[in-house]
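Undergrad: What follows is the residue order along each chain.
There are 2 protein chains.
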Amino acid sequence: MASKPVLAIIGGTGALGSGLAHRFVAAGFPIIIGSRNAEKGREAASRLVAPTGSVTPLGASNEDAARAGEVILITVPWVSQSGILDTIQAFVDGKLVVDTTVPLRPPKVARVQLPREGCAALVTQGRLGPGARVVSAFHNVAAHKLKSPNSIDCDVLVFGDDAKDREFVIALAKEIGLRGLHAGPLGNSVAAEALTSVLIGINRAYKVDGAGLRITGVIEQ
Amino acid sequence: MASKPVLAIIGGTGALGSGLAHRFVAAGFPIIIGSRNAEKGREAASRLVAPTGSVTPLGASNEDAARAGEVILITVPWVSQSGILDTIQAFVDGKLVVDTTVPLRPPKVARVQLPREGCAALVTQGRLGPGARVVSAFHNVAAHKLKSPNSIDCDVLVFGDDAKDREFVIALAKEIGLRGLHAGPLGNSVAAEALTSVLIGINRAYKVDGAGLRITGVIEQ
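Protein chains in written order, with our numbering: chain A, 1 to 221; chain B, 1 to 221.
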């Protein structure tokens, strides 16, 4: 990626958000960790180690992060999703928004429990409005694996109604060592979102800690 | 599998049904190909080659196949599902029913279009009644690969509310060279059903003909 956009990671103090932040900072991206509590965002940012010569990671409130970010990553728990989206809605018009939300409802997180809108990605698009270019991705990657330097044996299914926006997110994934794949329109996101509950169940059933997903039979990359 | 049950393959003249029939016959299972047209079922059965010493495959109406089968496999198109289930409903009480139905609605088969009940497997359970022990599986395997002698690079996610019934279907899958995995309750089937549309879209986007699925990070088998 020739020019690296400023990534705002909304809810970036959580497990998935901080894992993605770790990898994107290591890959040389300018990032802003957004949090409901700006101070917590700054603390999390201060713990990230940027490579020599790259921009120091920043922390901010979710609103300020969304305002300053060129690409917005949503990494918030399902139960907080709508409320947090409302706080950033004014700052996402025309921007690419990468939604990672999975509709997990504790305590039965290994049971698929979809929203009546169909999937979390469609909830996000509805909440942010048609101006936001929503793509969903990174649903199936175990958060703790993002913080390890090891390669991750998991593909990233990328959903969105615009092929160029999907392509951009596939390129983002590649920057952090993950293979992204065009997986169809935003509504197809239900497949990856539901699969996350299945993977959580597989982790339990087989006593492993990071079951993932590979799409076979696709030669490219 | 020490004792091989009689498998009734409802809609067994279709692509997935005949692919599964091919593999189960080769594995030495007694099978009955069910079809709405009994003659077509018999024709399809006559084309299957059973190994020396094993039972000759039979063909029959879907009703007769369901009546005689010990385990029932449902391999019918989504649009025909409810009607065909009604014809076999009287013969499935207490039996294990392996549902493979994916809710594809032509022409947009690469777009996830789920039924209001949540997924096809729950429709099947509802239609057959609580007496049928419904497990869903084999959603993601490319039908044409089942007819090839080659190994298939695809896992089988197995959904059902009873762990022993899932275990049995995992053993069935193993008999035809496929790794099955416990994937949670029947309602989780939505993950694999939706993924089939995603895989169809991936086949188109990457110009391949049999994208499949592997779950990574699970050591056993």
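Because the hints were derived from the structure by calculation, they are not lab data.
The structure displayed is predicted, hence computed values, not measured ones.
Here a beta-carbon is modelled for each residue, glycine too, at the ideal position from N, C-alpha and C.
Please note that the accuracy of each hint is not assured.
As the list claims (entries may be wrong) - Calculated Cβ distances over 12 Å to all of chain A for the following chain B residues:
| hint | residue |
| --- | --- |
| 1 | Met1 |
| 2 | Lys40 |
| 3 | Arg42 |
| 4 | Asp86 |
| 5 | Pro149 |
| 6 | Gly184 |
| 7 | Asp209 |
Stated by the list, open to error - Residues from chain A shown here face chain B by an in silico Cβ test under 8 Å; the list is partial:
| hint | residue |
| --- | --- |
| 8 | Trp78 |
| 9 | Pro106 |
| 10 | Val109 |
| 11 | Arg111 |
| 12 | Asp153 |
| 13 | Cys154 |
| 14 | Pro185 |
| 15 | Asn188 |
| 16 | Val190 |
| 17 | Ala191 |
| 18 | Gly201 |
| 19 | Val208 |
| 20 | Leu213 |
| 21 | Arg214 |
| 22 | Thr216 |
| 23 | Ile219 |
Undergrad: Does Asp209(B) sit more than 12 Å from chain A, CB to CB?
TA: For Asp209(B), whose nearest Cβ neighbour in chain A is about 8 Å away, the distance does not exceed 12 Å, so it is violated.
Undergrad: Mind verifying the non-interface call on Gly184(B)? Its CB should be farther than 12 Å from each CB in chain A.
TA: violated, 4 Å
Undergrad: Have a go at the Val109(A) hint: is there a Cβ in chain B nearer than 8 Å to its own Cβ?
TA: With Cβ-Cβ at 11 Å, over 8 Å, it is violated.
Undergrad: Could you check that no beta carbon of chain A comes within 12 Å of the beta carbon of Pro149(B)?
TA: holds, 17 Å
Undergrad: Measuring Cβ to Cβ, find out whether Met1(B) lies farther than 12 Å from everything in chain A.
TA: Holds: least Cβ distance 21 Å, greater than 12 Å.
Undergrad: Does the interface hint hold: is Arg214(A) within less than 8 Å of chain B, judged Cβ to Cβ?
TA: holds, 4 Å
Undergrad: Should the label of Arg42(B) as a non-interface residue stand, given a Cβ cut-off of 12 Å to chain A?
TA: Its Cβ never comes within 12 Å of chain A, the nearest being 34 Å, so this holds.
Undergrad: Over 12 Å to the closest beta carbon of chain A is the bar; see if Lys40(B) clears it.
TA: holds, 31 Å
Undergrad: So, as I understand it, the hint says Val208(A) touches chain B; can you test that by seeing if any CB pair is closer than 8 Å?
TA: Result: holds, 5 Å to nearest chain B Cβ.
Undergrad: Is the claim that Asp86(B) lies outside the interface with chain A correct, judged by CB distances over 12 Å?
TA: Fine: 27 Å to the nearest Cβ keeps Asp86(B) off the interface.
Undergrad: With a cut-off of 8 Å on the beta carbons, see whether Ala191(A) makes it to chain B.
TA: At about 4 Å, which falls below the 8 Å cut-off, the nearest Cβ of chain B leaves the hint on Ala191(A) intact, so it holds.
Undergrad: Measuring from the C-beta of Ile219(A) to each C-beta in chain B, is the shortest one below 8 Å?
TA: Since the shortest Cβ distance to chain B is 7 Å, the answer is holds.
In this structure, the hints that do not hold are numbers 6, 7, 8, 9 and 10, in rising order.
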